[in-house]
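As given, the protein sequences belong to chains A and B, one line each in that order. The opening residue of the first sequence carries number 53 in my numbering; numbering runs sequentially from there. The opening residue of the second sequence carries number 768 in my numbering; numbering runs sequentially from there.
Only part of the chain B face toward chain A is listed, based on derived beta-carbon distances under 10 Å:
| no. | residue |
| --- | --- |
| 1 | L896 |
| 2 | A903 |
| 3 | Q904 |
| 4 | Q907 |
| 5 | V908 |
| 6 | T910 |
| 7 | I911 |
| 8 | S912 |
Some residues of chain A that are not near chain B, with every Cβ distance over 12 Å (derived):
| no. | residue |
| --- | --- |
| 9 | L122 |
| 10 | T124 |
| 11 | S125 |
| 12 | A129 |
| 13 | L135 |
| 14 | L140 |
| 15 | H147 |
| 16 | A155 |
| 17 | W159 |
| 18 | L163 |
| 19 | A172 |
| 20 | G175 |
| 21 | E189 |
| 22 | T197 |
| 23 | A263 |
| 24 | G265 |
The hints are simulated quantities; they were obtained by calculation from the structure and are not laboratory data. We put the beta carbon where it would ideally sit given N, CA and C, even for glycine.
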Amino acid sequence: MTTQTTIDPTVTFRSPQGHGYRHIVPIWGTVVVLDLRTGDRAWPDERLADAVEDAVATMRWVDDVFSSYLATSRVSALRSGRLSTDDLDPLDRDHAALLEVLAACRWGRQLTDGAFDPWAVPGGFDPSGYVKGWACEVVAERLVTRGIENLCINAGGDIVTRGQARPGEPWRVGIRHPDDPNLIVRVEEVSDAAVATSGPYERGDHIVDPATGQAARGARSATVVAPRAGLAEILSTALVVGGRDGAPWVAAQPGCRAYVVDPAPSATAWSTSAVDRRGVRHSA
Amino acid sequence: MRPLATSVLVTGATLAGLSGVLVLNRTSAPVAGASTADAASPQTTTASSSAAGPSGSAAPSSATSPSASAASPSTGTTTTYAGSTYNTPYGPVQVTITVRDGSMTEISLDQVPSGNHSDQINSYAGPLLVEEALSAQSAQVDTISGATYTSEGFRRSLESALTKAGL
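Whole structure, please, built from the sequences with the hints as guidance.
Put into structure tokens, the structure is as follows:
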């Protein structure tokens, strides 16, 4: 349980559509998959290794600062009261990141009428969900800066994309069936966008309805496509709480759309835009 | 199940070598009715190069020629051991290790076949919210969004295979 695997494989593959590299990173209590596509240009090993190393280092830094499981993290210090938000120094890299996340979480709480509320969880402020998406964006930007323009980062089911999967083709993201991990119920086509799926139970914890303090029951699964992963996380979490009442929160955000599976035993789902006959949803 | 049978060839032939460079050879086998699928085209692909692991433990013995390592080992007593199943963004996966003359020569990440059915989609338009029947579908996808899974599965699957192999 405590030993972390030392396996860090980088998959290299070629296809007629170009060169691709996949790297799997066990971190954040989950597995992060970096899927990098460099088109018809093969990347030199050293340059690829540098980019991947930087991405992994960034993820570890995020863990060090934000993990609610690490007693030494800044978030743990906030939760225990050893650190006050008033003491955060915007010139400190860790503190600045924490201030940014705190501000985004406050904003998310407001735009979802309090349904997304990282302060209303057992043990105090825990921005883990938001941070995962936010951090994937940070990593994606660093990879793009290094010249990798087409990429998909999947952090335990939360996805950030840049560019295209293949020339002229968006990334096709399958949405997992809430009851059967082997099935998908939807395909979202995205480019330069993020996808987050939340369920009532994640990593053994449940999403709490801030209004009742009980487990949220608004949805069995809530998927949101958004321009950035942090917003996708905020909205998908809020929809698990608010269910259909949350549709306006999504509609109010430019570039966002949702696909939500209703609570059991209902065999229905709903979305905020139309579906074509192949079951593919397109950008609003 | 879907074309992501990924074969990991380990340059270090021992467990310790796992932290070294891994060259993976994706062998894509198009499967009908896959509920999920990997991005890169159904064509057979070959490992073209190796890349250093990220955690500083870079390339102890990148001497292994990728093309040579992609080919199957030819001599020695070779046995494969399958680990337990775990979930990844690409669906359920099982770690299989190949042991030759007491040393691990290969780790494979194999897709675990699963049932798949596809129902028709019923939908009607609404002003803000469109309701439809919850239905499974088959489609080629690049990645999967869903509830969080853990890295524990990978480790357990590998460990169970190692245990069976007596390594």
